[in-house]
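Asks: One letter stands for each residue in the lines below.
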Amino acid sequence: MESWRNAKALFAGVGFPPAAWLLVFFVVPLGVVWLYSFGTNTSLTEIEISGTFSNYARALDPLYLGILWKSVLVAAATTVICIVVGFPVALAIVFAPDRWKPWMLLAIMLPFWTNLLIRTYALIAVLRREGYANQAIGWLHDSLGALAPLVGLPQPGAYEPMELLYNNFAVIFGLVYVHLPFMVLPLYAALDKLDKSLIEASLDLGAGHLRTLLLIVAPLAAPGIVSGVIITFVPALGAYLTPDLLGGPDSQMIANVIERQFKRANDWPFGAALSFILMYATFIAIAFQAMKNRQAEARQ
Amino acid sequence: MAENPIIEIRNVCKRFGQVTAVDNVSLNIMPGEFFVLLGPSGCGKTTLLRMIAGFELPTEGQILIDGQDMARVPPNKRPVNMVFQSYAVFPHMSVADNVGYGLKIAGVGGAERESRVREALELVKLDGFGARKPNQLSGGQRQRVALARSLVMRPKVLLLDEPLSALDAKLRAQMQFELADLQDQVGITFITVTHDQDEALSMAGRIAVMNKGEVAQLASPSDLYEFPANRFVADFVGSVNLFEGKLTLDEPDRAAVDCPGLGKVYLNHGVTGPHGADVWVAIRPEKIQLHVPGEGKAIRGAAEDAPEGHNFARGTIKGMSYLGDITLFEIRLESGAMLRVSRPNMSRRDQEDFTWDDKVSMHWRADSPVVLLS
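Line by line, the protein sequences give chains V and F.
When the letters of the first sequence are read in order and numbered with the numbering used here, they come out as residues 1 to 300.
When the letters of the second sequence are read in order and numbered with the numbering used here, they come out as residues 1001 to 1374.
Watch out, some of these pointers could steer you wrong.
Quick look at which bits of chain F chain V covers, simulated, 3 or more residues with Cβ under 8 Å [unchecked claim]:
hint, region
1, 1069-1078
2, 1081-1088
3, 1273-1286
I should point out that these hints are in silico values taken from the structure, not numbers from a laboratory.
Don't be surprised by glycine CBs; every beta carbon is placed ideally from N, CA and C.
Using the sequences and the accompanying hints, generate a full structural model.
Replies: And the structure:
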């Protein structure tokens, strides 16, 4: 590998196009939006960059803070459920016979290859009143109900379909469904590297499976858990499509509010301020995590 | 012996799919014994050890520890502890936390745990290392942590899986002595798995040599070396010259084997094999004495210059390998067969006595060869 010092022209040639691409299509628009967040609407289409902080001040209104807080809660719930569901899945793949592993990983990644919109509409088909979930539960209800008189129980009434869609449950369900692979893959990577004899040593020293999991496996998989949490929590916090399609009137998340500012409300400066509050929060969280990591490394 | 075995292995088989890893093994291991399972890789020794620890279940047969059937006892409930080949020291815990892990799980509280951890660390000569992290230790020290972590549990049996294989040669020799001392000190039964015959011979009270899932021989180190039961053991433990032959004479106090490669080999004891049977003669390289033809102690009436009652052969030196303490010779016999002879260098100029293509005479005692029926 040549040092970039010895081949400046080559490195400039290879590095320039992507750098320019990022600059023109990412950094510049982001800068524009950032500037908007300090602006005021002067007419329907004109924004004056007046350097005001009033957009940020408005974002601190309890209404918006409430939605932001709720978004954090929904994203946190999503992340926790993803860990609880994803950890056993990752463990199962790690301990599966070698010839099954690629297929199990494929099954985890398969949803990636389908458009998010299509996946979300499929969820609607599953969760709606006449959806597959209600049909299946209704069928169970009816067939068990038919058996009830045989064992001396009263015949239950007709099945009342559950409201599974257009509420917070649907949003979290949808977010977990979308983000589970992001959790499973880093967990799998961390657990797969784990020396299996450490688990055996723990069992050998008298620990049961649960304590081995908590005292040995989880601490050693911590880096995987942390990266899983970050790449699940951050996109879940900014989720737009899932709450938009699966949520009810009270399950809006911050991204839905932002979208409305840019479109229906036509208040770009306020939308920009809300967007950047989300970004600042994310950056602070990641910086905090990095700082913790460095402290942990320094202690060792 | 009135004592009951601490571990009884009864007709144990272990199959992985089509592969039989352990094939009908029965062994009794006595309390306080230093027992070694020796064999080449893939012979089933590690599988057998893991079945004692509980990480594998026998396909057939029974394992009893201290008289109790272990069929339904999981590894965390067995009165045995294991030192893993990779040591498996928990990297996120300090040395003291590693050693105290099992006690903490068992609910042994603060002060007692601390003092037992300190004792265990002293036992393995790691006093003062308690606060260190495993990544600050050398391989040998990590192994001591693994040892202390198991010994602190006061198990009935300590299982060691290739305990010395990851150490360099000097450290390995030192640890062989230390392990034997340690075992003396704590009085716990040790069962060690190794593929290294030196390790096995130097540490073990008894050795079970395993081959293809079966026990090829169970004996003390010296019996194993001097009286191997079959060609596999003779060849695997130490170095050996093997010659095929026919048993032509077999009486209570003498026997003779006619080997096409070596000539007639006389023994001063009986063999109790079928007359005319195909047998193998095994002779260790160090049991053969080498000298310049005509300079041996010529015995009156003997056809050759060898002491009376000794076997005799002649050949040409075709290879020499000077190892410092001994020199190894590859000698081509008159029959064309090769014979390996080792000779201690008892004085500084011994290695100059012979050189390539020298004609040499060899002789060995009539009780040196071993006749093997299988």
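Asks: Confirm or reject each hint.
Replies: Evaluated hints:
1. 1069-1078: Result for this restraint: holds, n = 4.
2. 1081-1088: holds (count 6)
3. 1273-1286: Three-residue rule not met by the region 1273-1286 of chain F, so violated; n is 0.
Hint compliance for this structure: hint 3 alone is broken.
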